[in-house]
Amino acid sequence: MDWIQQIINGISLGSIYALIALGYTMVYGIIRLINFAHGDVFMIGAFIGFYAIKYAGLGFFPALIIAMVICALLGVVIERIAYKRLRNASRIAALITAIGVSLLIEYGTIYLRGAQPEAFPQVLPSESFHFLGATISSTSIFILGVSVILMIILQFIVRRTKIGKAMRAVSHDAEAARLMGINVDRTISATFAIGSALAGAAGVIFGIYYTKIEPLMGVIPGLKAFVAAVLGGIGIIPGAAIGGFVLGLVETLVSALGYSNWRDAAAFIILILILIFKPSGILGKNTREKV
Amino acid sequence: MKKSKGFWLFLVVSIVVYGLVQLLISTGVLNPFYSNTLIYIVINIILAVSLHLVIGITGQFSIGHAGFLAVGAYMAAICTKLQVPFPLALVVGGVVAALMGLVVGIPSLRLKGDYLAIATLGFGEIIRIVFVNIEYVGGAAGMQVSHLTNWTYAFVCLIITLLVIMNFTNSTHGRACIAIRENEIAADAMGINTTYYKVAAFAIGAFFAGIAGGLYSHNFYIIQPTNFGFLKSFDILIFVVLGGLGSMSGAVLAAILMTIVSTFLQSYPETRMVIYSVILIVVMLYRPTGLMGTKEITSYFGKWPLGKGGRLHGK
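Chains A and B, in that order, are what the protein sequence lines are.
Residue numbers are given in the working numbering: position 181 of the first sequence equals residue 181, and the series is strictly consecutive.
Residue numbers are given in the working numbering: position 207 of the second sequence equals residue 207, and the series is strictly consecutive.
Next comes chain B alone, as it looks inside the complex (with noise of 0.2 Å):
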């Protein structure tokens, strides 16, 4: 009952933000770049959300994301090439991404910590290179995409993304996730499928990945292999890691924050990168376990459980 009464009132305020900026943006009040800017955030956020899944609720330290954020990108965009309609696009795209996730997680997985962090640095650099090396895609060139991607299509997509990740990690799977994130032996031990959850988790990371990399090509006219390299990788993880390993909502309000940071020193993108690897220094440094650690903003308020990443909540 609790639950649902959250439910209703993540909807409710989702709804009130979504009319507001989008009355905003047709009375013209946000000009262009003001409306990219929100767009880009959200995607942002769909990526930050998605590798918190994998990173934060199930310790599989992956920094291969961007590839997953390729294939979506790249999917989607052959896809309206092929006149096939928007959404749809999107969906393939996040389908793709998933298998891709599949494909990746199920040989990769059997590693742990670092040896997992270099399989998918590994495996993401050669999904950038496969890209490179397709002509129909136009190779290192790049590829020309139509611009589709609008505020509601990237709202939507965010609202089901959250509303997918959170339940996720609020059931019986999610719960498994955390288990192998706070102990994997003793998990396994517990009569968990580990590897089960792992891949699970990561398939469904790649997918919202692919998602947002069908939103992201299709918020720009052209879309390269270099975007994808392992600096995007880095750049989401930041997200994650700033926002507290294990907190959504961290992750959600570091990637607000960080985004509007970047977009204010898109003209100095040197400064932009110092800047991003003190700040990643110094919050490993003072604070490892990120901002929020693993509480949810919520639960600064005492009410709506929405997505308890990090506590088991018994009650």
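Looking at chain A on its own, in the form it has when it is part of the complex (with noise of 0.2 Å):
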């Protein structure tokens, strides 16, 4: 059964791709930016949880949560630097602007650290266990279980708190949110913490899936989770888990049909049929231009 094992091991790859997926789209959502950085905040994540484990000793929670907080800082600095000012620029502009952050972090981590990779240390307890003839990792079903629960908290945090109120406000329409009282600028800034602190979290789970951490390792997955955050419509939170999934799956699939090399492709060959055929994504309602 080996089929199982595959989709099992898509399902894991495509809750990474769904928690990045989750922070482009609600960025996009609320400011209509691409924040092309989202992937670098990933790997920087990714690395905080590298040295939380490896040098101050910590265990998965504790570092995960690290990871998570620090990201988050610097998701709002990155808005309150190089964003904030764009807001009403060019949206050319803006998409340049959240390039050039992405190419600064790339290589100022590089800069700093150099560009060889490191060994994610093991934390969790790695026993397998069979089921229906598939060998299953406990660490595939316990970073699963992770990500799903940092989705379902996303979702209480946007449908039932304050702040998620005032962020599907201000992505609705920002201006007329203002006008009601809503603090416009904390609501972005509140935004860009919690989508970078999953994006913290989704490096951690990847540290510790793929054991391999290094500093252009946010690219790749930065841009298939922004295929993701398309596929399920971009600025739709339900929209992005499912893309993250769907596009998880396929990957898998492709590799397993023994077209590895193909992998990379696929995504965006998806990417660009979703654009022509449904842009707006699977979940996604048509909105027609108005002049």
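Everything hinted at is true.
Which stretches of chain A does chain B cover? Using the computed rule of at least three CB atoms under 8 Å from a CB of chain B, they are:
1. 75-86
2. 100-114
3. 275-284
Read the hints as simulated data drawn from the structure, not as lab findings.
Beta carbons: idealized from backbone N, C-alpha and C, even for Gly.
Got two chains here, each in a separate frame; can you build the complex from them with the hints?
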């Protein structure tokens, strides 16, 4: 029963994409900016987790929380320094700034610590058990569990809390929200904080799962997570999660069918197909452009 | 009349520049390092100007330009491997890249803004992955190429590129493209076939990127798919953005400056990228229109109207 194992692998990979995609989609939903630096926040999260476990000797959960807090701060700082001034600038200017921030984080990290990869220490007990003939490692179940819990917490924050309500209002219409007395700047900062914290968590989980981390590791998962966000309907939070899982499954299946060299192309082909045939994504509604 | 005067002046200046550099190279004043840097500058100018047509003039934000560079580079390399003369190989590379531009452009140019950027980035990556998977061109290990690019080929290609793009910009078609950049819906309402012009500009940009690709691959002894990743696309994008979206001379100047800077920082690639990214952020924050805006260098002299990428000169 190889297939069950592949599907489990795909869902584990998909949960990482989903966590990153959530940050993309939240930021896009609220300020209509593709935050290219998001994949690099993910990388920073992985490194913070690595240092926390290796040098501070912390366990998985403390490391996860430290990575999430520092990434949240990083996200807020990026927003304040780079994106805030550009809120009324052209979309191209904002996009280029985002690319610049992304390159700065990547090469700043290489500049500070070198480009050599690190081996992520094993902190989770790795047992494997058999299920319908498939061998499933406890790690993949564990990271799936952590991801799903984080997504439920996110859904709770967005749906049930005051800040979540403010976030939904701002993403719907920032001007009207401001008139209703919502502090738009603070809401945007909160969005960046939550999205970046999720990316940081995804970084630690990625490290645990793939055991190898390096400064440019955020580029490809970042782009793929963006594909996942577009696939699910950008700006729609459940869509990002669905898109992440679908993408993870598709990629794993492509590798399983023996086309592992084409794995990276699969994500981009999905992206282009979805952009051409249903640009609003799986859960998106068609909107008409007003002149 | 005024226009043709500018044209002749441009031609004379370029012939003088060409002769001067050729003289310095053949007398050995410029050692191979400097002449190589000059050729590299020329290739980067061609790339910058070809992307300028897509982003600066037509306003279509494409970040997959390295894909067309890769197509041109590989096609030209395959041609010279099959004993096709080098100039013909360059043209083949350009034409195939332009066809690729059509293939990429027709579906993706229906998208706008961010979506278009991401789609072109996706296409660029797909092109790269395709080359990784083709055994004939060496896959990920790369392909041996003979060193054929010299100053003459590079400079002739540069002059042709500049002339074509300048004339395109000043023609009816160029004005249509500028109208699309300023407001696509308004341009549509004025009866401009926006899809046609967007795809045309994209294909022309791809053609010259392909030419640059042929020069690029034959300037090295080996080409690998990793040379054409999206970092390369960003490099080209930086020239255009830094120079000013809509300014051809800005793109040319930025290409020259950035190539010189990166040549000096060649042994410190991280520092180079940190400087690149900081420049990019600072320029966008404090001067979002780029160094030159939509102005051309010639407008500072008030004479010879070369490529007016920006304002429409009604006179």
